[in-house]
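Please put together the full structure from these sequences, using the hints given.
Chains A and B are the protein sequences, given in the same order. Just remember that our numbering sits 85 ahead of the position in the first sequence, which is counted from 1. Just remember that our numbering sits 85 ahead of the position in the second sequence, which is counted from 1.
The hints are simulated quantities; they were obtained by calculation from the structure and are not laboratory data. One or more of the hints may lead you astray.
Which copy? The list can't say, so a pair holds if one copy fits it or any two copies do.
Stated by the list, open to error - Listed below are the simulated PhoX-like cross-link pairs for lysine-lysine, each with C-alpha atoms no more than 25 Å apart in a straight line:
#, residue 1, residue 2
1, K134, K286
2, K155, K134
3, K320, K215
4, K327, K215
There are 2 protein chains.
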Amino acid sequence: MLPRLAAFAILLVLGLADRVDAQPRRGPVVVSPDVNADRRVTFRLLAPKADAVSVFSSDLPGAMQPQALKRGDEGVWELTIGPVEPGTYRYLFNLDGVLLCDPRNQFGSESNGNPWSVVTVPGSDFMDVKDVPHGAVAQVTYRSGVLDRTRRMHVYTPPGYESNAEKYPVFYLLHGAGDSDDSWTSVGRANVILDNLIAAKKAKPMIVVMPMGHTGPFSFIMPTAPGRGGVGNAKFEDEFAKDIVPHIEKNYRVQAGRPNRAIAGLSMGGAQTLDIAFAHPHDYSAIGVFSSGLIFRSTADWEKDRKETLSDPAVKDGLKVFWLATGKDDFLIARSRDTVSFFEKNGFKPTFKETTGGHTWINWQKYLHEFAPLLFQ
Amino acid sequence: MLPRLAAFAILLVLGLADRVDAQPRRGPVVVSPDVNADRRVTFRLLAPKADAVSVFSSDLPGAMQPQALKRGDEGVWELTIGPVEPGTYRYLFNLDGVLLCDPRNQFGSESNGNPWSVVTVPGSDFMDVKDVPHGAVAQVTYRSGVLDRTRRMHVYTPPGYESNAEKYPVFYLLHGAGDSDDSWTSVGRANVILDNLIAAKKAKPMIVVMPMGHTGPFSFIMPTAPGRGGVGNAKFEDEFAKDIVPHIEKNYRVQAGRPNRAIAGLSMGGAQTLDIAFAHPHDYSAIGVFSSGLIFRSTADWEKDRKETLSDPAVKDGLKVFWLATGKDDFLIARSRDTVSFFEKNGFKPTFKETTGGHTWINWQKYLHEFAPLLFQ
Numbered sequence: 086m087l088p089r090l091a092a093f094a095i096l097l098v099l100g101l102a103d104r105v106d107a108q109p110r111r112g113p114v115v116v117s118p119d120v121n122a123d124r125r126v127t128f129r130l131l132a133p134k135a136d137a138v139s140v141f142s143s144d145l146p147g148a149m150q151p152q153a154l155k156r157g158d159e160g161v162w163e164l165t166i167g168p169v170e171p172g173t174y175r176y177l178f179n180l181d182g183v184l185l186c187d188p189r190n191q192f193g194s195e196s197n198g199n200p201w202s203v204v205t206v207p208g209s210d211f212m213d214v215k216d217v218p219h220g221a222v223a224q225v226t227y228r229s230g231v232l233d234r235t236r237r238m239h240v241y242t243p244p245g246y247e248s249n250a251e252k253y254p255v256f257y258l259l260h261g262a263g264d265s266d267d268s269w270t271s272v273g274r275a276n277v278i279l280d281n282l283i284a285a286k287k288a289k290p291m292i293v294v295m296p297m298g299h300t301g302p303f304s305f306i307m308p309t310a311p312g313r314g315g316v317g318n319a320k321f322e323d324e325f326a327k328d329i330v331p332h333i334e335k336n337y338r339v340q341a342g343r344p345n346r347a348i349a350g351l352s353m354g355g356a357q358t359l360d361i362a363f364a365h366p367h368d369y370s371a372i373g374v375f376s377s378g379l380i381f382r383s384t385a386d387w388e389k390d391r392k393e394t395l396s397d398p399a400v401k402d403g404l405k406v407f408w409l410a411t412g413k414d415d416f417l418i419a420r421s422r423d424t425v426s427f428f429e430k431n432g433f434k435p436t437f438k439e440t441t442g443g444h445t446w447i448n449w450q451k452y453l454h455e456f457a458p459l460l461f462q
Numbered sequence: 086m087l088p089r090l091a092a093f094a095i096l097l098v099l100g101l102a103d104r105v106d107a108q109p110r111r112g113p114v115v116v117s118p119d120v121n122a123d124r125r126v127t128f129r130l131l132a133p134k135a136d137a138v139s140v141f142s143s144d145l146p147g148a149m150q151p152q153a154l155k156r157g158d159e160g161v162w163e164l165t166i167g168p169v170e171p172g173t174y175r176y177l178f179n180l181d182g183v184l185l186c187d188p189r190n191q192f193g194s195e196s197n198g199n200p201w202s203v204v205t206v207p208g209s210d211f212m213d214v215k216d217v218p219h220g221a222v223a224q225v226t227y228r229s230g231v232l233d234r235t236r237r238m239h240v241y242t243p244p245g246y247e248s249n250a251e252k253y254p255v256f257y258l259l260h261g262a263g264d265s266d267d268s269w270t271s272v273g274r275a276n277v278i279l280d281n282l283i284a285a286k287k288a289k290p291m292i293v294v295m296p297m298g299h300t301g302p303f304s305f306i307m308p309t310a311p312g313r314g315g316v317g318n319a320k321f322e323d324e325f326a327k328d329i330v331p332h333i334e335k336n337y338r339v340q341a342g343r344p345n346r347a348i349a350g351l352s353m354g355g356a357q358t359l360d361i362a363f364a365h366p367h368d369y370s371a372i373g374v375f376s377s378g379l380i381f382r383s384t385a386d387w388e389k390d391r392k393e394t395l396s397d398p399a400v401k402d403g404l405k406v407f408w409l410a411t412g413k414d415d416f417l418i419a420r421s422r423d424t425v426s427f428f429e430k431n432g433f434k435p436t437f438k439e440t441t442g443g444h445t446w447i448n449w450q451k452y453l454h455e456f457a458p459l460l461f462q
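Here's what the structure looks like:
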């Protein structure tokens, strides 16, 4: 094998010589991120001319405030953090004011505004990729009549879906304001978490539908330019009911009816979850709200339009799981508590977990791991 | 809707104030890439402290040699190129020697070594996303016994696959040395090209399997650090036969037998295609070689091990499509011509297209568009 590979490498180098020369001069080869056996993570960036380099993450412990990398030999900047709790995290470098993905890291995550680099720290009982049967994650292109354009969603089908003829329950899983339909798998590890739960018989095999919750550009990392499309999630609930659910029910082998339909979301997606579930109060038997609550409007305003639904015994009877979780350090903790009180006042019996931590993916990974086993039992 | 969105935005800004402040100071909001109606593309990067910024692409006309961006007001660097031929292209910025993805562009493409930004110039008859039925692209996780680890492939299933019970022919489509299993869809637009061909009844509905052709790190943009896994594509052919094809045949509704199995690849993947097809000479009825040929070894060495296969009439009889295409400016054009001559000398009748252009994705998009309609007829 070696002579052949060597010949190929030579050919490539010769053939691409002009192109390679056209690139910036190579310095030392750096590895980044470098996840050590003790769960410390080293970030490196080759940037000989930079004045300052830092790493920033919205959820990586040790980098949630920008942390300076230190310049070493030959212009390699470096920082080691941790040990870090096992999980998957997004991060960016800041090079003299420019936020950039790690050029040495081929693993990324989309958002609604900018690409992120992703680092996975192994060692999690439920998030590591294991030698179990795996489901698949499809990027599904569909026509949205409500938005009058082509849209994309991600759909997880459980192990064996393609090779059998069974019907499955459906779990709709919504992302947050800083995410896209890619986020629940690329950083949330939803597919890995479900694979492991299903293999351990802790969760029912299910289809997980992850739509795009924004209907126009939106980003709090990098604001959208004026005139570049609409804002936020206008029309999403309408699209969800008229395009997304029908597309799934038409194209996948789904078990019909309320007992076989669940919905959950994080942050913005948690608020969308409550709006959708109570606009279609006989459609979902399980509701999950992660790091969120009634955050779009005051509870009084929200209540006003839903008096009948909130007092309908059939709505409560068919709601088998009503589960909320928020970290004590989350900026939405007060809204979460208010939301729980509001539903209790209206005769619901929500389960509320106040966990450690904040508004971070490590919490949403854990919440999904705890919530999915409750579904379709 | 507006008051609600406004309230949400305020909440986010308040809640995230500490985090937002921790980020670098924001300057003007830039749009990049900005694809104009006349198919010119403007790249912009906000980098007030940079000494030099350029854009580099392996296949974007006008940027295949690094092109300098010009510093404008408030540190926004800018360059407009084109008009650019409709298609999808990868590019990177070079900021004072650091190659980075465009921080303002959420569309990316993985490779085997570094992330790329991707820009799509609309206006192609066959590559634009149209209002036709769409297939899905799944990221499939599977266990490779040959490599003794978990691996990923991409699988395109045609429109209607999930909602019917039909069986389909299978087209295995391999990537090049600078790519990953993600590349044929994220930059090659294979799913869009197939959607459009199938809708126009120019191609048969088919499953397209896009495996990862590297079995260890490899990259000619950014070389791999020593000791970080194996090199190149050792064992891929073995894995292909023992793990990939069996996984597909077990898990998907496939039509069996040689007439329903095709294989093609670009560059490194084209050479792998020839190796695989002639190691399993009764398995594939169609072979496509894009910008490649027998590039791993000399034709004489390659011939030595395959004397019997090359002279077996049944091998030729069952090979309905043997199609090669390479651009006149491609660094592999001589190897492609030699490969065609070699097979002609051995009694095969390959179709060979010498096209314009070089070793670029725009050519591979076109080749796929031309090749797919020939399959399974």
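These are the hints, each one checked on the structure:
{"no.": "1", "hint": "K134 / K286", "in the structure": "neither (54 Å within a copy, 55 Å between copies)"}
{"no.": "2", "hint": "K155 / K134", "in the structure": "both (13 Å within a copy, 19 Å between copies)"}
{"no.": "3", "hint": "K320 / K215", "in the structure": "between (39 Å within a copy, 22 Å between copies)"}
{"no.": "4", "hint": "K327 / K215", "in the structure": "between (37 Å within a copy, 20 Å between copies)"}
Of the hints listed earlier, the one the structure fails to meet is number 1.
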